[in-house]
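Chains L and W supply the protein sequences, listed in that same order. According to the working numbering, the residues represented by the first sequence are 1 to 186, in order. According to the working numbering, the residues represented by the second sequence are 187 to 579, in order.
Hints listed in this document are in silico derivations from the structure and should not be mistaken for laboratory results. Just to be clear, a hint being listed does not mean it is correct.
Subject to a maximum C-alpha distance of 20 angstroms in a straight line, what follows is the list of computed SDA-like cross-link-like pairs (lysine to any residue) [as the list claims (entries may be wrong)]:
id	chain 1	residue 1	chain 2	residue 2
1	L	46	W	275
2	W	412	L	161
3	L	36	W	377
4	W	412	W	467
5	L	46	W	455
6	L	46	W	333
7	L	36	W	457
8	L	46	W	453
9	L	46	W	386
10	W	412	W	267
11	L	36	W	471
12	W	386	W	420
13	L	36	W	412
14	W	445	L	46
15	W	412	L	159
16	W	275	L	36
17	W	277	L	46
18	L	46	W	317
19	W	386	L	160
20	W	386	L	36
If you only want the chain L side, here are some residues facing chain W, beta carbon under 10 angstroms, derived [claimed, not checked]:
id	residue
21	31
22	35
23	38
24	53
25	112
26	116
27	119
28	120
29	123
30	124
31	158
32	162
33	164
34	170
35	171
36	173
Here the structure is a predicted model, which is why all the values come from computation and not from measurement. By construction, the Cβ of each residue, glycine as well, lies at the ideal position given by its N, Cα and C atoms.
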Amino acid sequence: MLDQNTTDANCRSTWSRLSDYADNSLSAREMWEVEKHLAACADCAKLAHRTTQTIQILRSAETLDTSDNFMAQLHAKLDSLGPVPARRTAGTVVREWLDEVRARLNFRALPTLSVGMASFILAALLFSPRHGAIPVVSTVATEMVSQEALDRHVAVTASNPFDDPVAAKLEADSGISDSGARIGTN
Amino acid sequence: MPDANAQTSRGGRCCPPLSLEGRIVCALRLVFVLSALLAAFFGTPASGQFQPAPEGRKPQPIRRTAGGGPNAARVRQARARQLLRMMLKPKQQYIGVQETHLYEGTGLISEQEIEGDTNGSIKVLFRSPANVRGDMMIITPGIFRSYHSSARLLEVAPWPTEYNDESNRMFANLLNGTVTASVTGNEIVADRQADIVELKVPNGAAGAGRVLRRLWIDDETGILLKIQKLNALGHTTSTTTMETITVNPANAINPNEFKPQFPGATITPLFPAPQYRTMEDAQGHLPFTPIEPAPQALPANFHLDGVWGFGEDRAHPYLHSVLMRFTDGVASFSLYERLVPPAKQTPIEAPLRRTFGRNQQTWRIQTQQGVMSVQYIGHLLPEQTAAIYQSLR
């Protein structure tokens, strides 16, 4: 089993190559390294699926043709427009509110208030039950484990010459669980 | 002495007394008559019984020989074994289109293109339904590949392993009587003459005579033309039928057809760890103790015949899992178990609220180690599934 640091380093290296991997523009050596890692790392494999799927969807998006004078018309229209007032984003609103609060606060009390809040947070962290002992597992990972069950069942079915692996695959891919949800959801 | 006279009279017609030549002729006639009587009585099936029928012949049950005696049954069983062996390595390459019907759940219909060679390799390309369009399944004697086109994922499973050489095991089951196979009729499928082979529960076992599978096998080439799966009530759960087929196509199938490349596909080994011989062997490799159904809760003739552990390379114990496969020699079901992370543990469902009719179910079972997620995949009857569920609880 690889140690955690090595695994993380491999994961980071793979993430940086995923886009090129999906574009099939990696060298043979890099392709081999990425595929080797994806075969061993379930989380990265899932990320790779999603990346390739997203790229596929973008590639399959319809492209629209414009008329020859489209750009000329666009510039003419832009020139005819007057100045537009700056749009108030959520960030701007919050910043304005903070400025207003800061103006109203007594700044001499601020250090005392900060120290008090920091002490409270530290105490809460130290004396609360150790949730860190329970590993957090992503839903994606557990779903993947469940889907693997179905895929392995299909493979075992296919190894039986007197069984029907096609039917098994269709059942797995249309997998409706007893709760009515796709197998793999918890 | 009228009786003696009568005998003499009959003998006089058949065998002239004192003539050596006449006696030889008489003896030959007697041997001929006796042979004919014996043949009719023991009913050896005519060799023409298995000859291909003319095109357009209607499906018909196989002609039973006189009395359907034990000899006839043995011949049908021997012929079935011969066909099944031929099916593993057909005599001709073929290309066709087949259709699969699922009769449980959604009543799904799927169409696929299929190619097969004389080594028993098969490539299936799914045309429909939409969620599997473009998917490919390649089954070769050494390896199974399943390509999911939408996810660009290629799953690979090499076999046989030490313990799961399925074809050898199936024939062992046929020979040791765990399962019986017999030719029960013939039918035209995709314009080809097929013999119908039934795999049944043998006499003396629980549910004796129950049909587990029906296979329509091309009697000339051994190509599987149709397969029907049945559940314990004898209801069909799925059929896959060849709709059109070209045997020995003009352009021979290239062996590379069964080793396609999928550039950019993510390759996932489905069975990264070896199969374990027993549950005890598997437990040493898992961070939890799997729960097994009680032997008395298993349907008749079913037993555990495969255990695989997964996730040794994964850091979280909740990503470890175990697959148990149970079989009666032909049909099988799987239980796939893993611990549920504490944060995702939901209340355990009341058993009475469950229905057990679906072929895929996920159960939550409370154990001393925590809540266990158990996936059931199979075609047992609802009451059989319920018995397993109760046994696990």
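Hint check: residue 275 of chain W vs residue 36 of chain L, CA-CA at most 20 angstroms. Holds or violated?
This hinted pair is violated, its Cα atoms lying about 34 angstroms apart.
Given the hinted pair residue 412 of chain W and residue 159 of chain L, is their alpha-carbon gap at most 20 angstroms?
Holds, at roughly 18 angstroms.
For the pair supplied as a hint, residue 46 of chain L and residue 317 of chain W, is the alpha-carbon distance within the 20 angstroms limit?
18 angstroms, holds
Minimum beta-carbon distance criterion (10 angstroms), residue 162 of chain L to chain W:
Since the shortest Cβ distance to chain W is 6 angstroms, the answer is holds.
Is the interface hint satisfied for residue 31 of chain L? The criterion is a beta-carbon contact with chain W at less than 10 angstroms.
Given a least distance of 8 angstroms, the restraint on residue 31 of chain L holds.
Mind checking the alpha carbons of residue 277 of chain W and residue 46 of chain L for me, to see if they're no more than 20 angstroms apart?
Judged against 20 angstroms, a Cα distance of about 42 angstroms means the pair is violated.
What's the verdict on residue 412 of chain W and residue 467 of chain W, does the C-alpha distance respect the 20 angstroms limit or exceed it?
Answer violated: residue 412 of chain W to residue 467 of chain W is near 39 angstroms, above 20 angstroms.
Starting from residue 46 of chain L, check that the Cα of residue 275 of chain W is at most 20 angstroms away, please.
38 angstroms, violated
Restraint status (C-alpha distance of residue 46 of chain L to residue 386 of chain W at most 20 angstroms):
Distance ~43 angstroms between residue 46 of chain L and residue 386 of chain W Cα, so the pair is violated.
Evaluation of the interface hint that places residue 164 of chain L against chain W, nearest CB under 10 angstroms
5 angstroms, holds
For the pair we were handed, residue 46 of chain L and residue 333 of chain W, check the Cα-Cα distance against 20 angstroms.
Holds, at roughly 15 angstroms.
Return the status of the interface hint for residue 53 of chain L: holds when the least beta-carbon distance to chain W is below 10 angstroms, violated otherwise.
7 angstroms, holds
When the structure is compared with the earlier hints, violations turn up for hints 1, 3, 4, 9, 11, 13, 14, 16, 17, 20, 25, 26, 27, 28, 29, 30 and for no others.
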